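Undergrad: Below are the chains, spelled out letter by letter.
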Amino acid sequence: MTHRNHLRGGALLAAAALTLSACSAQAGGGQAADGAIAGEITVITQRTDIVDTVFQDYKADFEAEYPDVTVNFEAITDYEGEIAVRMNTDDYGDVLLIPNSVKPDQFATFFEPLGSVEEMSQEYRLVEEKAYDGQVYGLSITVNTQGLVYNKKVWAEAGITDLPTTPEEFLDDLRAIRDTTDAIPYYTNYADGWPLSQWDGNRGVMGDPAYQNTHVAYSDTPWAEDEWHGISDGLLYDIVAEGLSEEDPTTTNWEESKTLLGTGQVATMLLGSWAITQMQQAAEDAGGSADDIGYMPFPYQVDGTFHAQIAGDYKNAINVHSEHKAAARAWIDWFAKESGYAYDEGGISPLVDGPEPETLGDFEEAGVEYVEMEPAPAGSESYEADIVAASEIDLYGNIYRQEMVDIARGAADGDKESFFADLDQRWADARASVGE
Amino acid sequence: MAVVTDAFSARAEKATGARRIGAFLSRGQASGPGRGPSRGLPITPWLFLVVPLGLLVLFTYVPVANMVWYSFTSWDGLDPVKEPVGLDNYVRIFTDPEMFKVFFVSLYYLAGAAVQMVLALYFATILSFNTRFRNFLKGMIFFPYLINGVAIGLVFLFLLRPGGTLDALLAVVGVAEPPQWIGDPSLVNVSLAATSVWRFMGLNFVLFLGAIQSIPNELYEAADIDGATSWQKFWFIIAPGIRQIIGLTTILAISGSLSVFEIPWIMTSGANGSTTFVIQTVQQAFQFGKFGLASAMAVVLLVVVLVITWIQRRIFPDEKVDLT
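Heads up: the sequence lines are chains A and B, in that order. Be aware that the first sequence starts at 1, since it is given in UniProt numbering, and climbs by one per residue. Be aware that the second sequence starts at 1, since it is given in UniProt numbering, and climbs by one per residue.
Misleading hints may appear alongside valid ones.
[Unchecked claim] Which stretches of chain A does chain B cover? Using the computed rule of at least three CB atoms under 8 angstroms from a CB of chain B, they are:
| # | region |
| --- | --- |
| 1 | 101–112 |
| 2 | 183–195 |
[Stated by the list, open to error] Lysine to aspartate or glutamate pairs mimicking EDC-like chemistry, simulated, CA-CA at most 20 angstroms apart:
| # | chain 1 | residue 1 | chain 2 | residue 2 |
| --- | --- | --- | --- | --- |
| 3 | A | LYS103 | B | ASP79 |
| 4 | B | LYS82 | A | GLU364 |
| 5 | B | LYS82 | A | ASP386 |
[Unchecked claim] Counterexamples of contact, computed for chain A against chain B with all Cβ distances above 10 angstroms:
| # | residue |
| --- | --- |
| 6 | ILE37 |
| 7 | GLN56 |
| 8 | GLU63 |
| 9 | GLU80 |
| 10 | GLY81 |
| 11 | SER116 |
| 12 | THR221 |
| 13 | GLU323 |
| 14 | TRP334 |
| 15 | GLY346 |
| 16 | LEU360 |
| 17 | GLU372 |
| 18 | PRO377 |
| 19 | GLU392 |
Calculated from the structure, these hints are not laboratory results. Note that the structure is predicted; figures quoted are calculated from it, not measured. Glycine included, each C-beta is placed from N, C-alpha and C at the ideal position.
Take the sequences, apply the hints, and build the full model.
TA: Listed below in structure tokens is the structure:
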């Protein structure tokens, strides 16, 4: 679970600062001349769960190919919180994952450019996600799509045979599950927070690769009924308001939710495709079968077709202060091409012609069209993030969505209209203060 | 908070052990000679102090000075350039009602702290006399304070969730439909404050117990001879004898309730209306990348706590308690 906590705030700032100032730079073994792939590199990862197992195999394979390089790993539990503090020094490993808090115009301060967008996009997907001024700074470790994981047995038991194509149909299906089965139709995972942030990440549903360059930050009313946040947050609001979600959202538990879905006590959860393998595992551990777990696209169609966004996970980048840049570069290329990380995680390959994962068979059947979002136009890469900061509406987080769930379940004042109107108002004010 | 804790333990020591320290010092003076040359500036004590003072400056004052500097900038936590913005952050804190509203949540913890002190005083008084299972009960009451706060948060989360241990217990005594202890917005802060009381009562208890036991035994004997009741013994001997400690714990309770963080952060992350000032500070810094504003909030909290400490020193000056 730890590795998914993208947006959790680092609480132990002081402790982290002390710990980190105590670790001095790990001086490399052989001082390599520029260009030679040699030396000792430190790779920082958020996968505390597999750093001593799977990553050790990667190390062995990589070092067999590049005998002059020694790879060391450092796994960080609260990745987002700790790495930002550490990046105030020069010592933040040779290869690291670009934290979400770094704005595009800060890339060059911290990371080594990997090549031009034009050139890199021949080989790799989604390079423009962490690019600035035409230069690419990070390569995705895996690529995810977005949708809803569901327990096929429960949905079938409720007599549902077709995938819902509109939010209304989806609500009808959830009502059927509530009325005919014992399962909780939808589980919000409110308490852990970050699962709520998943509701933002599927703007591709609107079928328009340029959507966020014409809407969202370019709209004064992102919560209008026909805009993405109005549709997605609106659906979440309706689910909770109608009592189709768990009774007490404040005491949910992510690890437990996997078992609940695997055993059919919960029918549906909105999560990225990375979650499929974890849910299948949970279903098997609970005595069920991996085939019980299905993945459906977000219930919204444009011209009769489902769309789903594909987006890169964390991206490997090179510390601009690294002394072994060539070795670091070799590692991130090798990681994308040879390690098989993306495939093993059930993700889409970061390579343009990489293998399709078996986990997304459901999407193929449903004829889902993948949408790669267009990058922001040059010069306004930070625009949306600036508005998020100015409005204090954490689009990529959970704070305002938790408020929304509280309102929907009657635990806070307001209703859907007033809350969405307030969000629109704050968003518009922030747009005015940031300026275009 | 480290500053407050240090000051607090030093003062607790002073209050309970004042007599002993006094005796020690006067003995030191009595054995006067052999203090070394009296000419010039005595450098030796400063040499001994170099290391602790250096650490104090490096890890307390320099970071605080940095924080004060950040509070006048719009720094986002990463940018190498820290843009000064003057008093903007402070103006925002004092003009935005959203910012100050969260102090109302502290009232729940303040009420909890009052309950906590009364309970702690009650147990400390009872257990300072000869009671059966005295040491066992002392251990029981102090034990929660030794447990890691994260563990307590998780344990209470399982206790308070719907269908959890508490609901199961209530069902046994016939309460069929218990409320949602954390899900109900009118109860969530009560539940969290109660958790906090459970955790910190042991500390108050030990402080009170120590103070009560430093009251000389003869006073009780004299009271017994005069035929005083237990209540009179409490009111005329114990209460004035531990006045200092009561004053101190009151102040700690107030500053503690203003800066509650650990328990609500672990149990609800500030959701459902349980956000405290410190949680809001953390959210500003790490979710919205406003380190400048967050630093200003931290400075405001620091000043508030310093003011309260100053008021406490005015009300309860460091005078020697004289029971005779």
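Undergrad: Evaluate each hint against the coordinates.
TA: Evaluated hints:
no.	hint	verdict
1	101–112	holds (count 6)
2	183–195	holds (count 3)
3	A:LYS103 to B:ASP79	9 angstroms, holds
4	B:LYS82 to A:GLU364	49 angstroms, violated
5	B:LYS82 to A:ASP386	16 angstroms, holds
6	ILE37	30 angstroms, holds
7	GLN56	29 angstroms, holds
8	GLU63	33 angstroms, holds
9	GLU80	8 angstroms, violated
10	GLY81	6 angstroms, violated
11	SER116	25 angstroms, holds
12	THR221	22 angstroms, holds
13	GLU323	20 angstroms, holds
14	TRP334	28 angstroms, holds
15	GLY346	28 angstroms, holds
16	LEU360	31 angstroms, holds
17	GLU372	27 angstroms, holds
18	PRO377	22 angstroms, holds
19	GLU392	6 angstroms, violated
Hints 4, 9, 10, 19 from the list above are not met by this structure, while the remaining hints are.
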